[in-house]
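Chains A and B are the protein sequences, given in the same order. Under the working numbering, the first residue of the first sequence is numbered 1, with each subsequent residue one higher. Under the working numbering, the first residue of the second sequence is numbered 1001, with each subsequent residue one higher.
FYI, nobody ran anything at the bench for these hints, they're computed from the structure. Everything numeric in this text was worked out from a predicted model, so none of it was measured. Mixed in with the good hints there might be a few duds.
Unchecked claim - Computed beta-carbon distance windows for the label pairs: (1) B:1066 with A:195: 37 to 43 Å; (2) B:1215 with A:239: 35 to 41 Å; (3) A:371 with B:1219: 46 to 52 Å; (4) A:234 with B:1215: 39 to 45 Å; (5) B:1138 with A:417: 57 to 63 Å; (6) A:174 with B:1380: 52 to 58 Å; (7) A:624 with B:1131: 44 to 50 Å; (8) B:1138 with A:239: 18 to 24 Å; (9) B:1132 with A:629: 26 to 32 Å; (10) B:1077 with A:219: 58 to 64 Å; (11) A:624 with B:1061: 53 to 59 Å; (12) A:621 with B:1131: 44 to 50 Å; (13) A:580 with B:1127: 53 to 59 Å; (14) A:621 with B:1183: 46 to 52 Å.
What the hints assert, rightly or not - Straight-line C-alpha distance at most 25 Å; calculated DMTMM-like pairs for lysine to aspartate or glutamate: (15) A:283 with A:89; (16) B:1142 with A:635; (17) A:626 with B:1294; (18) A:499 with A:485; (19) A:296 with B:1136.
To be verified - Chain A regions said to be covered by chain B (calculated; three or more residues, Cβ under 8 Å): (20) 229-243; (21) 267-276.
Glycine included, each C-beta is placed from N, C-alpha and C at the ideal position.
Each chain is listed here by its residues.
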Amino acid sequence: MKLANFTVETDADGIALVSWDQPERSMNVITPDMMADLATVIDTLAADAAVKGIVVTSAKSDFSAGADLTMLQGVRAEYRRRAEADGQEAALAFFFEETRKLSLLYRKLETCGKPVAAAIRGLCLGGGFELALACHHRVLSDDASSRVGLPEIKVGLFPGGGGTQRVARLLATPDALQFLFRGEQIKPAMAKTMGLVHAVVAGDQVVQAAKDWIKGGGKAVAPWDVKGFKAPSGKVFSPVGMQIFPAANAIYRRETYDNYPAAKAILASVYEGLQLPMDLALKVESRYFAKILRSKEAAAMIRSLFVSMGELNKGARRPVGVPASELKTIGIVGAGFMGAGIAYVTAEAGMNVVLLDRDLEAAEKGKAYSDNLMAGRIKKGRAKPEAKEALLARIRTTADYADLKDCDLIIEAVFEDPKIKADVIASTEAVIAPQVVFASNTSTLPITGLARASSRPDQFVGIHFFSPVEKMLLVEIIKGKKTGDKALAAALDYVRAIKKTPIVVNDARGFYANRCVGAYIREGHLMLMEGVPPAMIETVAKMAGMPVGPLSLNDEVAIDLGLKIARATKAELGEDAVDPEQEKLLVAMVETHGRLGRKNGKGFYDYPENGPKRLWPGVADLQREKLDADAIDVEMLKQRFLVAQALEAARSFEEGIVTDAREADVGSIIGFGFAPFTGGTLSYIDGMGAKAFVELCKKLEKACGARFKPNRQLVKMAKAGGSYYGAEAPAPTREAA
Amino acid sequence: MAEAYIYDHVRTPRGRGKPDGSLHECSTLKLAASVLEEIRDRNELDTKLVDDVVLGCVDPVGEAGSDIARAAALTADFGDHVPGVQINRFCASGLDAVNFAAAQVMAGQHEMTIGGGVESMSRVGMGAAGGAWPMDPAIAIKSYFMPQGISADLIATRYGFNRDDVDAYAVESQKRAALAWSEGRFERSVVSVKDVNGLTILDRDEHMRPQTDMQSLGQLRPSFIEMGQMGGFDAVAIQAHPEVEQVNHVHHAGNSSGIVDGAAAVLIGSKKAGKAAGLKPRGRIRAFANIGSEPAMMLTGPVDVTRKLLKRAGMKVSDIDLFELNEAFASVVLRYLQAFEIDPAIMNVNGGAIAMGHPLGATGAMILGTALDELERTGKETALVTLCIGAGMGTATIIERV
Chain A
1 MKLANFTVET
11 DADGIALVSW
21 DQPERSMNVI
31 TPDMMADLAT
41 VIDTLAADAA
51 VKGIVVTSAK
61 SDFSAGADLT
71 MLQGVRAEYR
81 RRAEADGQEA
91 ALAFFFEETR
101 KLSLLYRKLE
111 TCGKPVAAAI
121 RGLCLGGGFE
131 LALACHHRVL
141 SDDASSRVGL
151 PEIKVGLFPG
161 GGGTQRVARL
171 LATPDALQFL
181 FRGEQIKPAM
191 AKTMGLVHAV
201 VAGDQVVQAA
211 KDWIKGGGKA
221 VAPWDVKGFK
231 APSGKVFSPV
241 GMQIFPAANA
251 IYRRETYDNY
261 PAAKAILASV
271 YEGLQLPMDL
281 ALKVESRYFA
291 KILRSKEAAA
301 MIRSLFVSMG
311 ELNKGARRPV
321 GVPASELKTI
331 GIVGAGFMGA
341 GIAYVTAEAG
351 MNVVLLDRDL
361 EAAEKGKAYS
371 DNLMAGRIKK
381 GRAKPEAKEA
391 LLARIRTTAD
401 YADLKDCDLI
411 IEAVFEDPKI
421 KADVIASTEA
431 VIAPQVVFAS
441 NTSTLPITGL
451 ARASSRPDQF
461 VGIHFFSPVE
471 KMLLVEIIKG
481 KKTGDKALAA
491 ALDYVRAIKK
501 TPIVVNDARG
511 FYANRCVGAY
521 IREGHLMLME
531 GVPPAMIETV
541 AKMAGMPVGP
551 LSLNDEVAID
561 LGLKIARATK
571 AELGEDAVDP
581 EQEKLLVAMV
591 ETHGRLGRKN
601 GKGFYDYPEN
611 GPKRLWPGVA
621 DLQREKLDAD
631 AIDVEMLKQR
641 FLVAQALEAA
651 RSFEEGIVTD
661 AREADVGSII
671 GFGFAPFTGG
681 TLSYIDGMGA
691 KAFVELCKKL
701 EKACGARFKP
711 NRQLVKMAKA
721 GGSYYGAEAP
731 APTREAA
Chain B
1001 MAEAYIYDHV
1011 RTPRGRGKPD
1021 GSLHECSTLK
1031 LAASVLEEIR
1041 DRNELDTKLV
1051 DDVVLGCVDP
1061 VGEAGSDIAR
1071 AAALTADFGD
1081 HVPGVQINRF
1091 CASGLDAVNF
1101 AAAQVMAGQH
1111 EMTIGGGVES
1121 MSRVGMGAAG
1131 GAWPMDPAIA
1141 IKSYFMPQGI
1151 SADLIATRYG
1161 FNRDDVDAYA
1171 VESQKRAALA
1181 WSEGRFERSV
1191 VSVKDVNGLT
1201 ILDRDEHMRP
1211 QTDMQSLGQL
1221 RPSFIEMGQM
1231 GGFDAVAIQA
1241 HPEVEQVNHV
1251 HHAGNSSGIV
1261 DGAAAVLIGS
1271 KKAGKAAGLK
1281 PRGRIRAFAN
1291 IGSEPAMMLT
1301 GPVDVTRKLL
1311 KRAGMKVSDI
1321 DLFELNEAFA
1331 SVVLRYLQAF
1341 EIDPAIMNVN
1351 GGAIAMGHPL
1361 GATGAMILGT
1371 ALDELERTGK
1381 ETALVTLCIG
1391 AGMGTATIIE
1401 RV
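So that you can see chain B by itself, here it is in the shape it has in the complex (with noise of 0.2 Å):
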């Protein structure tokens, strides 16, 4: 099997999801087309190179259907002949681009491809894709469908995190976050986005709120309660849980993932594609797994798909330096920890979709990235990237330093 090589990431900030967000003005085209723009001319790359783009986008409907990579490819004027091809699994859609991009590659059948992502939240909006999964009877009764947040609530209820666990965690994440961005961690991943006559439009993730403590957290109101009990969703949650007597309603905006706007891209190649472009690997994805977990709970996928990776990548939990899981909800991540006994320290260690957001069908294409820049920043080895995602799956991928 031929390896897999990370050559370059990029990611533009990230934007707040709405009317008065900085990309709002962006179209997903526009955001898609940037971070290919960059990763080709900062690594003055020869697209001829290029086999093939592969894009996460979770609503790809509106401006963002009609497979947006191979109009963003064109746009970029990557030339005619490099295709595009854009997929959906949910939030994780991003890093299972970057798997698929470097499947490719292991597989001897591309030589150098580019996985990535994109989501204009702000623009397309969230569930504009419809689906069959929460709306059709013969699968949402099946799968007890709920929204993320109730099923973040249950994960909460169930393995024993009360609000103060998941809010205390949400501080950290701004802390985290804040302390990344003033020592310059992000620098060499965030590209600024420019309007078409250069002019800086945004080069800052500006989701965060720094200054958030433990009180001002508390004056949130849960936001799943109505949807919980006048929707029915809580009774959904008790019967695939009947173990729980009631739902405890913990996660609010404030402990929950950001909605923003945002797109990344992660150029991969072989050894061989490497050298011929001139380019020094920076890593090397060395295995990835995909699982399907309980749809009810959904979010504890990370759990699952971790278990299966290390089994088959040959590895222990002590034998990875640093993790990022996409903070969808605060549980998700408490959940994690727990489950694998993990020490805090070496978890999202520069914040995340809490404080930064959460474009989703970019963010793991995203936070591959910053796992990649935080080992290189301290030296260490090897990192595990994964997410939680909808209708219970999980996405993992362990990369290394070359």
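With the rest of the complex left out, here is chain A (with noise of 0.2 Å):
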């Protein structure tokens, strides 16, 4: 056997050990070499009557992290050129095949004849757990990294090697479509509770255990391919059968808005293939795999939320040769909802933090954030009380500049107001090293401005967090005109070191993501003063694929707050900035009815003390008019709600503020949710075509207005035939300032 990816040592007892070894990786993954590798590994054993048994285990530190992604893509694009040359069945026939390969080699090594167990430690997830549940029996180590779970369906995938099937013939049906829905990542003694996994042991005894098992007589046959098996739920057409899936259905419905084809294929295959014998079952999940595979969702998910994520979170737009920024100790200045926060996560990521206020009380008031948010960890079993004690331990308070001396980054966030910023850039930069960054939270104001204050802008950056810090992920990295390389970099690695995602932006009002987030709650103002009935307006926009309602966004971000930046907007920008039926919404909802969100307890949603937020039925009355529900376009106003989203991401881009469609992708969704299963504000755009985008965003400015007008760059392109991605992709008007 000449292998490259496994070792095979067969003891004396004739129990083959098989190690998945992967060369110059540190990962194993599932790669066509070791899918080779391992059909030689099972003929040969098989054939071998001196192998009374095979453990399949890892020679590294984990089991494996699942397939290639970049595999799968390859596939794809190879279906595609053999559909323009050899035509659509035969490109199908041949996809179908390629993509059921691994499906098959775990089949065959379920039914290789020799009992086969699993040592498992570390990861072991999507393709890797499909590999081990295709074990006759599972040993995991009790390893506090130990996890098992199939997270396909978090990059709109689902497991197609058998995942489905074998998972929903060892749990109870409701438990396995839960497992496999959520995608979660499984601790040990979890795993063995439901049954996943049959062992947990200490992690230097998973292939003893494993071997122990072979000689104890397992059998080399799987419970579903035993006669008169019965899976746990029983039969699918059965009472208990009948009171699962109808509601599995309506489920996957509430849950997904029916957006998700990965999430409603894994309910298929499941109702089908548990009324199908095993090799028939797979067989169907290979179908819906390979449907799946070729779904613009799923390409659109893996681009950013898998490849395009990764490349940001390494660093991607991390200038070169500007040598690893040396972050111990960050100096926070303003302690306040904000400024705790980004106390909270440098401290949980071990750096030291001087958290200054203008009195001790206020400054140990945004401590008392991260010891209220540890010991809800420590309630949810998700952290030792020894954690919370180091980490408050690391943030010091302080009301005095002076402490801030040895700081290796600053980050103010105190009142938006340039005044009290210049104060405190000036304090600040009379204390700290020559040498140090000093970076903005500001959400409002523009670094270019606030760097005027400071005697060092090329080293002032803006760094801005999102509501509410430890939850959010997207961090924007604002440039200022002068911005130099340096604080760029400090910023970058900064957000790498508390593990986000850094998008960089130019300087400009509402920099990208709120400008975004800006033309999506404007929206659904101006379906309620035309009289969509305001239940409609916010569960349509969950139906177009947003986490949450524009009035319901607009309630927690403040609708005073909405009044004042309209306000603002038109005295910059002048009257035709702000639409006035908008004005007319927030002037009402503030002034005349005092309105101003959840923070009064009255927004567009009453919040009752017991029981959940409902519409105040006062917002009716202030629509001119009612429309009749049946008459409305849901379709069109899904489209508005996304086309006026993507449409200002096409105007950022234009104008120089994103620079680059990854980061206008990834920082839409983790940013402001917009629509996952789209990949993102310009991959939307992408995936309908610039031209169909245009025509589509022409029918909107005719029957909605002005606002909804191609920019430039997104006319020339739908007659170009460009897109954001190709290779023809556009560049944006105006470079990184």
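Dock chain one against chain two, each of which comes alone in its own frame, and use the hints as you go.
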């Protein structure tokens, strides 16, 4: 046996230990090479009468992270090539056979005639866990880092290596569906309780325990291949099944708004598969897998949420040649809600924090935020008390600027007032070392303007967090006109250290994310003024793929803030910059009715003490007329929500505010939840093609007004047939400032 | 086109559809055969004249499976030559069976047919037949499947009927049914179910609760709250009708149709066949129609099918003297009254399924008979009979006296 990916060692008992050890990789992943090797291993061992059983394990600290997603992208490309060369039918046949190879290979292992046990340490995910599921017995190490799971759904895929069928035959159907839908990584004790693994033992015992199972007479047959096998929930068409599937279908819709074909394919595979013998069930799963792999949604989600996000996290936008920043102690000025959150994530990442506010009491209040968060985690069993003590010990509170002198980076999060900020900048720069970078967490003030208060504007940068800091994954890094590479690198290094995803944007009102969010909320406001039922606005936004309706979102960020921004925008850009209908609504809400949003318990919603929020009945009275719900084009409402945001992204791109399509896309999904299945704002445009998008804009412009007028670059792209990701991708008109 | 005349109608009383119901001891076959026997005997019908027996049945499995219509015709000694076919269009099956039987006559292919239906809900059980619609993701998701009670609650929410509205309707149904029974208005149609010795097992609808009032109904908890929330169906309703912020659950056992056992049969024939059998027609099937309606709202099909039927028949709402709309849920009837602005006094004048029960496959044939009896009693001419149907459909038939 000549193998590059495995070593095989047969012991005196005739048990072959197959160790997966992919060359030149820190993590085992499934590749064509690995699959060829595994086939050889199975054939050879199955044919060897001296082999009594097989233990599959990993020579690395983790078992496997699953399939190489770029390999799947390769098969898609080959499919498209063949479709052009040989026609659709032949290309589909090729694609189906190619993408079910892994499933057939695992089935071959499962039916090879020898008892097979998996000895698992560390991560065992996706196709890696599906390999383990195809073994007759699974032993998992009890290490804190051990996890099993099928996370494919998170990038728009689903387990196509037998995962849906084996899990549905191991767990009760509702549990199986929940496990497959959520894509969660399961800890050892829970994995054992659920029945995903048979045994949990100490890390150095997994191979022995696996061998012991074989020596103890472990059977070479999976339970579902034994005659008379009954699935844990019985037959699909049974009183029990009739309780399960109708609700599962409804819950699928509740959770996805029917926007995620991979989740629907899981449901279909389980429903159909459970009515079939295993081999045919696997074939049906493979058919859905081939369909999902070719779906626009999977392609978009893999690109944005796996490839692009990975690249951004690894510092794709970091200026080359700048040495790594030394970030031991971070000074945070302003211990309000944002500053307190920044202090928490910084200390959580192991850095020291000097948290400064005007008096010690205020600073301590900011620190208490970390105390509360950690207490909550401990209560949920997600942290140990010692971790809390250590984290709090890293946060030093002060009211004295002199205490900032040893900091390696300063982040200010004080009140959004240029004068106050200027004072903070001056006081801070008076004490910090000359090379230290100063970052502002402003969300509304241009960085270039703030930098004027700095004596070293090349070391001045924006680090814009989203609220709540500990939950939001995105950070916008804003380059002012004079921001230098060193400041940019320091900001990126910091964001990497706190394990968030950075996008680098140029200075402009609202930067990138808030500009799109503003367009989204405005669309909701305008629909309301047109007479669309308020509930419809909220639900249709979610049907379009947004996580929160625009009216809810406005309640969260505060309606008076919206009015303030509208007025500031008008003052700066002129009367036409704000839609009068929108302003009328905001004035009525804030000034006539005193409804400011969740913060005063009165917004577009009422917030009763006991019970969920309900739309404020008075909202309907602000409408000039009320449209008949049956006559409203719901599809067009959905389009308005997505197009308004995507168009704002396209304009931002043309204006050079966001300069990288990956950043626009990733930022839109993790920053403001833009319909993830589209791959993000610019992928949404690419997905339908610039031409179709421009036509859609024009249709909406005609129906709803000039705010939908496509920008020049888009119109040009539509004519020339370009795309944001294609070879002929457009360049921003204004390069990085 | 030949005319299809109604020569007679019979039905069993409706037994509570539970193990303690009086008809629980009677098989589906016995119920179906008993109405066939009765319609033959009281008309002294020569069954040689019968060309087909069409029976509706919604859960045609177990003892109700394998073409219960043929089994019933043979059991009732109609003779080897009388075929039977069982059909299923959910709650309208009984009316569709009558329409199908009439259509054979109208098409000139058969001379005398029987349409009817049977359901032993206590023995077979609602949903026993399974089916793709609620289960298979390929259809359930696309069609916004939800249990009918949630659709009924969605109708109430969407069209503005509150708990008092639906309860008041239910109280009225009970009152009207009680009055109808006390005045013997069902005498002509209801035939007692008897045992093998000829002993009466049941001779009255036993689901009725004539003492029902607003207060007693007010005690009942809405039936579909948990299903709506835990089962995810409220979210399905809201995605189908995003104008609705939340589903107002108003239906419960007291304002929904009762679960009961029963059977019915309608004798249909051409003029010629009636003469040959020496029978006088009681009425005429003027027109009928079927339609598919929005599946999420599901139970508004009667409104759509009525519009279609009136248009086809060249009639107006005001041409109809009497309406029979199956009381599957109170909101179904309230929405229908609202849509056509019909006077409640000419709708379900003798009560309906809320009081007397809804033996799924049989109901359509039962309420057609109720309408015919009422036309005769009051000397009116024209009635429209309709039912709402699972998966969003409607069936309606216009009958008139001759």
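State, for the Cβ atoms of residue 1138 of chain B and residue 417 of chain A, whether the hinted interval 57 to 63 Å holds or is violated.
Given a distance of about 58 Å, which is inside 57 to 63 Å, the answer is holds.
Status of the given 44 to 50 Å range, CB of residue 1131 of chain B versus CB of residue 624 of chain A:
holds, 47 Å
Between residue 371 of chain A and residue 1219 of chain B, is the Cβ distance one that fits in 46 to 52 Å?
holds, 50 Å
Are the Cα atoms of residue 499 of chain A and residue 485 of chain A separated by 25 Å or less?
Holds - the C-alpha atoms of residue 485 of chain A and residue 499 of chain A are around 21 Å apart, at most 25 Å.
Could one say that the CB atoms of residue 621 of chain A and residue 1183 of chain B fall in the range 46 to 52 Å?
holds, 51 Å
Holds or violated: residue 1142 of chain B with residue 635 of chain A, Cα cutoff 25 Å?
holds, 16 Å
Looking only at beta-carbon atoms, does the pair residue 174 of chain A, residue 1380 of chain B fall within the given range of 52 to 58 Å?
holds, 54 Å
Determine whether the Cβ-Cβ distance between residue 1215 of chain B and residue 239 of chain A falls within the hinted range of 35 to 41 Å.
holds, 36 Å
Taking 25 Å as the top limit, are the C-alpha atoms of residue 296 of chain A and residue 1136 of chain B close enough?
With a Cα-Cα distance of about 24 Å, the restraint between residue 296 of chain A and residue 1136 of chain B holds, given a limit of 25 Å.
Does the beta carbon distance between residue 1132 of chain B and residue 629 of chain A stay inside 26 to 32 Å, or does it fall outside?
Because 30 Å falls inside the window, the suggested range holds.
Does 39 to 45 Å hold as the CB distance between residue 234 of chain A and residue 1215 of chain B, or does it fail?
Distance hint for residue 234 of chain A, residue 1215 of chain B holds at roughly 44 Å.
State, for the Cβ atoms of residue 621 of chain A and residue 1131 of chain B, whether the hinted interval 44 to 50 Å holds or is violated.
Taking Cβ atoms as reference, residue 621 of chain A and residue 1131 of chain B lie about 46 Å apart, which means the hint holds.
Consistency with the previously given hints is maintained throughout, with no hint failing.
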